[in-house]
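In order, the protein sequences belong to chains A and B.
For what it's worth, my numbering labels the leading residue of the first sequence as 97, then goes sequentially.
For what it's worth, my numbering labels the leading residue of the second sequence as 200, then goes sequentially.
Simulated from the structure, these hints should not be mistaken for lab results.
We put the CB at the ideal spot given by N, CA and C, even for glycine.
There could be a bad hint or two in this list.
Stated by the list, open to error - Cβ pair distances, simulated, as ranges:
no. : chain 1 : residue 1 : chain 2 : residue 2 : range
1   : B       : E862      : A       : I134      : 14 to 24 Å
2   : A       : S156      : B       : L677      : 40 to 50 Å
3   : B       : Y419      : A       : I134      : 27 to 37 Å
4   : A       : I134      : B       : L715      : 40 to 50 Å
To be verified - In silico lysine-lysine, DSS-like type, Cα no more than 25 Å apart, as pairs:
no. : chain 1 : residue 1 : chain 2 : residue 2
5   : A       : K113      : B       : K229
6   : A       : K117      : B       : K746
7   : A       : K117      : B       : K810
8   : B       : K746      : A       : K113
9   : A       : K115      : B       : K487
10  : B       : K288      : A       : K115
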Amino acid sequence: MTLTFLYYIKETMTKDKVKGKRLVGLFLLGCLLFNFPILSLFNLNVIVFGIPLLYLYVFSIWFIFIVFIYLITRFSKETVPQFLEKR
Amino acid sequence: MLKTEAILFFSFGYMGLLFAIAYFGDRHAKIGRSIISNPYIYTLSMAVYCTAWTFYGSVGRAAVTGLGFLPIYIGPTLMAALGWLVLRKIIRISKIHHITSIADFIASRYGKSSTLGSVVTIIAVLGIIPYISLQLKAISTSFMILKGYPLINMPGPFAEMPVLKDTAFYIALILAVFTILFGTRHLDATERHEGLVAAIAFESIVKLLAFLAVGIFVTYGIYNGFGDIIERVKAIPELKQSLTIGSWAGSYINWSIYIFLSMMSILFLPRQFQVAVVENVNEDHLKKAIWLFPLYLLAINIFVLPIAFGGVLHFTNGSVDADTFVLTLPMSHHQQSLALLVFIGGMSAATGMVIVATIALSTMICNDLVMPVLLRLQFINLAGRGDLSSFLLFIRRGSIILVLLFGYAYFHFIGEYYTLVSIGLISFTAVAQFAPAILGGIFWKGGTRSGALSGLVLGFMVWAYTLVFPSLVQAGFLPKKFVTEGPFSLELLRPFQLFGLQGFDHITHAVFWSMLINITVFIGVSLFSRASAIEHTQAAFFVDVFKYSERYEKSSFWRGTASITDLTSLLKRFLGEQNTDKALSVYAASQNINLKEGLTADADMVSYAEKLLAGAIGSASARVMISSVVKEEPLGIDEVMDILDETRVVIAYSHELERATAELKAANQRLKELDRLKDEFI
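Just chain B, with the same shape it has in the complex (with noise of 0.2 Å):
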């Protein structure tokens, strides 16, 4: 018998670990020994990919589709090979500028638009909820499900539940309250928390053992090894079609789609954005991190679906869900302290997701949404105020909380009329949007502000459309024809058959249309309208990001200067007084200079300024706040010009060394031949 009370000291108890952790990553960051910095602790950072989707939702999707949960893994790890190129560059440019969150970074890309970051902070939150609504689902299901121990009893109807009666409310509010304390204890203008990444490293750990143990127990306690189980499962006619994958066409399609959607939410969920870039340390960890990566994935995979089987086979009357049989199956052999490792692993997987994703939509929110409608309100006058930096934090912590209520609503009403993975795929989908604007930005200088802008609000809508609103009529708060007939009775409208398309599964179809819109009108839009010079500038830097790295930091962007008293006090306000001191004498015995001295602050030091304000406040505001110290003549299109003929000497340059090579090449090849030539004389 577990009583209440046992798990939610358990629970407690390990959260305080967690905590104990963090507080030791911060300690030792601070004095200058960082315990993050190697390649293993970033790998199982970005193993936090690996929610409660994984833990418990791949199980239950193996049980009805058999390997249908696996492209989902295999994406990332087709990705993986290619993150020493596009990775790496995201990594190599958002160090050099500042960037600290997704939407700072195609903002950035975009000539630092403000309308942009806030597009994305939208999309990027709204996406993220179902996802969130996801892990809640997952802790306060399997916590309602082990306190019935011995017996299984499945929880629900969550809708008609009252919300104060609810144990996912609570969850929600106690998973607040530990982001606000992981992640916004002080302000830091690199957004780097070393602590939490240690956190979410021990996370990767506890969840993947838990899963191993359960699988083992599960193939070889309960049954004689894997090949026993495959004999029962052969036996039974229903099961034995899920050890293919389906012939028909369309499944080959969802299995090829799932691949891509994962590969594009391996690089741009916020939280994958967040430990694979921000908190990276190092960008040779990297190296070691894409082939260690794929294979944490492998292994938590290994056992889904000798679990799922095994599942199926043991409760043949189908009253207990799929999605709990990774706790159930130890639950029903009397398995207590197993049945509690793999309530703990569960809540490892699903509170490392919801920590790191929350602190990366609350940068998100308050960098990108709140910051440049505040700073525009002259009557508010932000910019004339005192010390700002617990204003910055107050915000982030409410939008914390706003985030994980919303996660909280979604769950209640429309969260259970779905399976654990199904809800994850909607979020994938409109993270994917993000797709076209960030690759086409890195590697195609002709992307524009309005080519991103536009294809980012078109593809969006699309998704909501084809997967949103249907689920709100699931919901009840739309009428059931909306789907059956389509709005207004127009067929062609169907939000799952649109414009007539079919034999795809929702997501297929969403995905389809959305990245076709998405995409088409990105390029298409870029190709018809003019960038403005920063955007020119902010293009180069970006795609030749490997040419410019050296230069960046030295150049400047500014051609104005400002006094060096306006610069330290606007920095003071938003970094805090001592942040600021210690940022501005590091840059001073860096470049030889006094501050004391001069009063004027050169444009190299205003771009440096800006770049430390950047990485606390956003680029797009970091820019409309230094503009207001600094009397700048906007780049005009000859510097524009001057920048990009750098590139063309550099190219001259390497055309000479092909030459040298040639010469070389030619050299030794006649040096060959003599020796031939020697040989054959004797």
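For reference, chain A alone in the conformation it holds in the complex (with noise of 0.2 Å):
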């Protein structure tokens, strides 16, 4: 009994920070794909569907990524502590 409740505390605790862990992956993702060298291979004078492929590219990452923020962000509700809820 007791070690359940201990484990479901456990589960709660490492859910949250593999959210934080997550989005830290993330976050280092959108650095490599937004900078050089990957943005490198993108920076070409070339027209995608009339759209400038460094455009076209940046904007669909930029897209995708703020996607990505929602799914990871989505689902799990916080603990505030209480007395914080009220200021």
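Reconstruct the complex from the two isolated chains, following the hints.
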């Protein structure tokens, strides 16, 4: 019984931590994709579907990045200490 | 034909509407039904990040550098992903310690040092002044262009214009009045302005809609969609280059440095701190805001490039400043109402920034610059005077006017030589100086007061030397030789090529040197200096805030006691009679004590009073004031060790949990194994 309870606490704690880690991972990936040298692969004078390649690349990655933040933070309810809620 | 009176009528009508919203918001807050307590309003208030810089300046930047305007919005997007770790931590710390400004935050982290608070305030004020001048420039320029409708005349030059004939001067004054009415009607211990936030959120909607309207008009009204514009651009060789960001190494470095700058700015600009941290109602709102806010940025940026290219294609002779394309394109196509909408949109972008920034700065000037000095001056005997809350309001109002007048002066003498974006970037670089002290402060316990102080001061000096001094040369206050040959003809000290470093643009160059020196000195001095007991405690509380959240509210760091009468009268002087009574009765009810019965306040109550006071006058001053009525024995090293001991207990507990989990896992494994064996057996 106690063990189950402890296990439950552990699980919720790690879930929160996992979310933090996923977001850090996403941040690092974003830094990679928005900078040299990956950026230079798309820094070409090419038009795709009437849109400049670099413009298309940056805006698509931007949008996908936002979707990923949404997916990572979508679930799970955080526990804010009681006394902080009233302020 | 648009008459001046008509433009003024719409402008003041719009401001009136903002007031109505603010009034409505404040009234709802009073009866306890907050209209801003949801993640959507929170996100929109964060969008105060998008100022006239975004509204007019991005297009101007894009016309010259193509995608060069974008890093300023990619940085905050990346930071949003980290927001859950960094911003949430800052919010939690600020709520627990009743921190109301960025100066207070840094001062509080490094042992409630009033020196540090003053230094941060000075850096923030001087750093933000160019940014405010940018907004004044945008409003006055757009006003003067719109006045000429349907003709398009570029206004200027401003420096020769007499001050009393300059529109920008009156705009600065009107904005000062509006800010005072918005932000300093009453003194609140938590520095929260619900009505203001509601008005700012509304402004964010207006500027977004106005910008999208122009974007759609230019892309689909004037041209046949995005593809059409690009086809035309391809035909012009000079323009074709701006479809990429340039292939030399320096352009990638600039790009990355701008991303870094904007990442820091989204956290540490005083107005961002105000809306994201101080005005935050519930931490949980952050969860939605960290993806909604980048989405807002994405939306407001989609049409920047089409408008910029449209402008360059349309005004071929280069007589029209690219910073005004957003307004001049609809004007040249005789879209009177659209031009007016753009003007209002630009105004909402600019006023939102000015109002929130000056309120944040006035809080800092009052709490972290003026109060500590006044409290030190014995002959004024501030602590012994009657109700001081009206005096505090007076200081704040005065500083709002002062900040705006400085902003005007900067615009008048220097602003017109620079584009909107390059003015803004000067402010961003100043604000980035806070990064080592704050990020180092919330993730590293080893940072000390001396380290933070010396890092900040040196970083700030490098900023001033590499960015502000050259702009004084531009305005004619310093000889041209200063930039071309260096001071006293010392080539190595040329402000744009410090120590001979070349190949960067001015901002990147300044960021590199100032951050290098700031970070190195912060870490170096921290490692070689000793922290006092209170620094140790604060460091532990800031870095491990999520462990201590529950405890801090109850625990006391005052070993001494005070008489309730002294404490109450002290609070009344700064918070006013009504607020004090309310706050104390809440405390009495929650602690189940009768205030009239007890004559001495225990340590718990003293620290409660300190936190209340910190909200009104800043943590450093609050400490000084409380210690004047409390017979306090300072926290010794033993107590600090006690607190740290708690951490060890927590860690031991979590180890226990881990062991239990391992046992469970093993049991589970065994079960599975048995299950498998059973299957095989059958």
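Now the hints, each set against the structure:
Between B/E862 and A/I134, the C-beta spacing of about 45 Å breaks the proposed range 14 to 24 Å. Look at A/S156 against B/L677: about 47 Å separates their beta carbons, and that is inside 40 to 50 Å. Between B/Y419 and A/I134 the C-beta distance comes to about 33 Å, which sits within the given range of 27 to 37 Å. Separated by about 26 Å at the C-beta atoms, A/I134 and B/L715 break the suggested range of 40 to 50 Å.
Note on A/K113 and B/K229: the hinted pairing is violated, with a Cα-Cα distance of about 37 Å set against a maximum of 25 Å. For the hint pairing A/K117 with B/K746, the CA-to-CA distance comes to about 18 Å; that is within 25 Å, so the pair holds. Among the hinted pairs, A/K117 with B/K810 is inconsistent with the structure: their alpha-carbon atoms are about 33 Å apart, more than 25 Å. For the proposed pair B/K746 and A/K113, the alpha carbon gap of about 14 Å is at most 25 Å, so the pair holds.
The straight-line distance between the Cα atoms of A/K115 and B/K487 is roughly 14 Å, inside the 25 Å bound, and the hint therefore holds. A threshold of 25 Å between alpha carbons decides the hint, and for B/K288 with A/K115 the separation of about 15 Å falls inside it, so the pair holds.
When each numbered hint is compared with the structure, violations occur for hints 1, 4, 5, 7.
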